[in-house]
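Number of protein chains: 2
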Amino acid sequence: MNETPLSAGNARLKELRKLSRRSVRTERRLFLADGPKAVEGALGVPGCVVEVFTTVAGRSLVPAGLPDDVAVTLVDDRALAGLSDSVTPAGVVAVCRFVDVDLPAALSGGLVAICADVRDPGNAGTVVRTADAAGADAVVLAGSSVDLYNPKTLRASVGSAFHLPVALAPDPLDVVRAAQAAGFTVLATAADGELALHDPLPAGPTAWLFGNEAHGLPADLAAAADHRVSIPIHGRAESLNLATAAALCLYESARHRAR
Amino acid sequence: MNETPLSAGNARLKELRKLSRRSVRTERRLFLADGPKAVEGALGVPGCVVEVFTTVAGRSLVPAGLPDDVAVTLVDDRALAGLSDSVTPAGVVAVCRFVDVDLPAALSGGLVAICADVRDPGNAGTVVRTADAAGADAVVLAGSSVDLYNPKTLRASVGSAFHLPVALAPDPLDVVRAAQAAGFTVLATAADGELALHDPLPAGPTAWLFGNEAHGLPADLAAAADHRVSIPIHGRAESLNLATAAALCLYESARHRAR
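These protein sequences, in sequence, are chains A and B. The opening residue of the first sequence carries number 19 in the numbering used here; numbering runs sequentially from there. The opening residue of the second sequence carries number 19 in the numbering used here; numbering runs sequentially from there.
One should not assume that every hint holds.
[Unchecked claim] No farther apart than 30 Å at their CA atoms in a straight line, the calculated lysine-lysine pairs in the DSSO-like style are these:
1. B:Lys32 x B:Lys55
2. A:Lys170 x B:Lys32
3. B:Lys32 x B:Lys170
4. A:Lys170 x A:Lys55
5. A:Lys55 x B:Lys170
6. B:Lys55 x A:Lys170
7. A:Lys170 x A:Lys36
8. A:Lys55 x A:Lys36
9. B:Lys170 x B:Lys36
Everything labelled a hint here was simulated from the structure, so no lab data went into it.
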């Protein structure tokens, strides 16, 4: 480890700070994993971590057993804060290679969550975390969905972004058609679905389709699904939070698979 | 309506701005409902809304059919922003009386959610919203839980804080005992429960007990419940988000009640 901490003015750190922008991340296919939890998650994916930056105080948080080709570089507090989006940075940040998979890989399992135009990073990350917990095989972030590599998305996924294959796809309709071609029954969540969540649902590979927080799914996309499924609202709430709805749907499928 | 907008320097507005502090809210049993959605929700509770403040631009957002004893006062943009915690205030804020109910009232139904030391307003509000959707009869925010009247809690509840009876209680253990005395079976969520969520659960009045986001339930509180119930984790996720876990539990009870 280099024993003289780099300062925020260092030219290489200046370049890396640009990874706070989605456009730069996408161009370079690199992102910043912020904090020991995220770095540990990233280390679980072979070849993901490129380099680790830590402060003197953060050294003890660097996970043990780093691969030989991963350098650890000491930086000062201000330099570390520049690489972190946290209000109170934990003292360790890793530069990582993108981990998303291609669409065919995401459509090779039996249970998939497709997010169409999901905009809130907390929601998207929670869907990834919940899909992981429900035993889903993959998540697809489609259309204008928030970036998987947004630090808030990664944080809300609590490591599951590194456990579960996630694919990124520009057109949700293409994803629905690809899923159907791969043998999935596509179930769209809808307030007025012809099926209710606790009805018997189709057996076999299932892809759940979730829409935007405010607007739900566009009509053409809901129509392209094999079925539209509504979650019963028993009280006076108008609707459910997107991540909550996704949890109920994915766990419903998990229950069917466990039988 | 007073046609000369009050400015932020107005002495009465200065006093009302203090309602941004929990201690002042609790002392006066008054809070600020921010935005047309919250004001509309508050108007659904008889006697809740004391006074409405709006900007010229926000006037059209003031719900129709205000009770005769509710004054609408015009304020300028800066004064309105001072009453709002939103980055982009919607232009209407209401001063409201507390709507929480006492514990016996909250324990008069058949399905209740008890939050013990839940600290994140987004989580607490989402639990209230989800409990409403699942047809629960009440929510209890117990112990060091976040304030129901925190603007973020109210926002995450999307109006359900005004639909559903919510009780505030200092000691979670007292709530558990009161629920049991009222005939409820108390089910604590726990990673290592002796029951799993999809096992047959006890019939009759059910109170779900949810713990702190980071630490879960204290051992004595989990032990005081009638059963500890774990939600199956099928994949590699370590746990579920608190609001997600609550949704799965409450909807599981809703499914039983619908039979």
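Verification of the supplied hints:
no.: 1; hint: B:Lys32 x B:Lys55; result: 24 Å, holds
no.: 2; hint: A:Lys170 x B:Lys32; result: 35 Å, violated
no.: 3; hint: B:Lys32 x B:Lys170; result: 21 Å, holds
no.: 4; hint: A:Lys170 x A:Lys55; result: 13 Å, holds
no.: 5; hint: A:Lys55 x B:Lys170; result: 27 Å, holds
no.: 6; hint: B:Lys55 x A:Lys170; result: 27 Å, holds
no.: 7; hint: A:Lys170 x A:Lys36; result: 17 Å, holds
no.: 8; hint: A:Lys55 x A:Lys36; result: 22 Å, holds
no.: 9; hint: B:Lys170 x B:Lys36; result: 16 Å, holds
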